Amino acid sequence: MNPRCSLPSPSLALESPSRRWSRRPVDTPPSWYFSSPPSHYRPADTLQLCVGTSCLIIQLSYCKRVPDIIPRFLTDPNTTFVGIRNSQGAKRLARTRHQLEIGEILDARMYVVDSQGRSLRGRSFEEIVEKCMGFRGVKLDRGISRSDWSVEYLSNDQILQVSVDAYVCFKLGVSARLWQVKF
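Under our numbering, the sequence shown is numbered contiguously, ending at residue 660.
These are computed hints drawn from the structure, not numbers from a lab.
Keep in mind the model is a prediction, meaning the values are calculated, not measured.
Keep in mind that the hints are not guaranteed to be accurate.
List time: in silico BS3-like cross-link candidates among lysine-lysine, alpha-carbon distance up to 30 Å [stated by the list, open to error]:
1) Lys659 to Lys608
2) Lys568 to Lys616
3) Lys608 to Lys541
4) Lys541 to Lys568
Here are the in silico distance ranges between beta carbons for each label pair [unchecked claim]:
5) Arg542 to Ser596: 18 to 28 Å
6) Gly614 to Asp545: 14 to 24 Å
7) Lys541 to Gly599: 36 to 46 Å
8) Ser601 to Val658: 15 to 25 Å
9) Asp591 to Asp545: 16 to 26 Å
10) Ser564 to Ile621: 15 to 25 Å
11) Tyr539 to Ser596: 32 to 42 Å
12) Asn633 to Glu581: 30 to 40 Å
13) Tyr518 to Cys540: 30 to 40 Å
14) Val651 to Pro554: 16 to 26 Å
15) Tyr518 to Asp591: 15 to 25 Å
Ideal placement from N, C-alpha and C gives every residue a C-beta, glycine not left out.
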């Protein structure tokens with residue numbers, strides 16, 4: 478697992494012909510990383526997207542505006558968004574100053590199974606990564622999750638955590654072929 482994290486022009490990252498295919502899984506935005514409760518009422522501070530090993534992190538709370546390509550991408554019916562525990566995703570994006578809309582967001586826990594075909598629905602992020610990807614000890618740190626994501630500069634730990642989260646969700650979406658899920 479070696480995701481590359483960079484901040485290219487969104488139009489280059491999202492519109493590149495090499496990144497286009499009929500149904501593409503993408504990590505789920507937005508990040509539920511925020512600093513104060515009640516968290517389910519707060520707008521998303523960040524949006525992370527991952528395709529392959531390229532992750533794009535957008536600090537929504539710092540953007541005066543988002544490029545036009547982002548809202549188009551988020552509502553593209555040919556894009557499948559995947560995450561873990563993301564039931565509030567669309568609402569949190571809509572609460573940002575950008576009032577972003579997003580297509581269906583799938584919770585990977587509802588679709589992934591272990592090697593014996595048993596559902597991993599109630600399992601932790603760490604267990605899902607170990608069972609589905611074979612990596613032990615990969616987890617999301619609660620302290621980092623609860624840190625201040627509205628800061629101007631994210632810490633290296635914050636960037637690493639959202640990049641790992643995004644990459645894992647992308648890989649789970651691909652391995653479970655979630656672009657084939659019918660809504």
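Consistency of the hints with the structure:
no.	hint	in the structure
1	Lys659 to Lys608	25 Å, holds
2	Lys568 to Lys616	25 Å, holds
3	Lys608 to Lys541	41 Å, violated
4	Lys541 to Lys568	20 Å, holds
5	Arg542 to Ser596: 18 to 28 Å	41 Å, violated
6	Gly614 to Asp545: 14 to 24 Å	40 Å, violated
7	Lys541 to Gly599: 36 to 46 Å	41 Å, holds
8	Ser601 to Val658: 15 to 25 Å	22 Å, holds
9	Asp591 to Asp545: 16 to 26 Å	42 Å, violated
10	Ser564 to Ile621: 15 to 25 Å	21 Å, holds
11	Tyr539 to Ser596: 32 to 42 Å	39 Å, holds
12	Asn633 to Glu581: 30 to 40 Å	32 Å, holds
13	Tyr518 to Cys540: 30 to 40 Å	21 Å, violated
14	Val651 to Pro554: 16 to 26 Å	19 Å, holds
15	Tyr518 to Asp591: 15 to 25 Å	35 Å, violated
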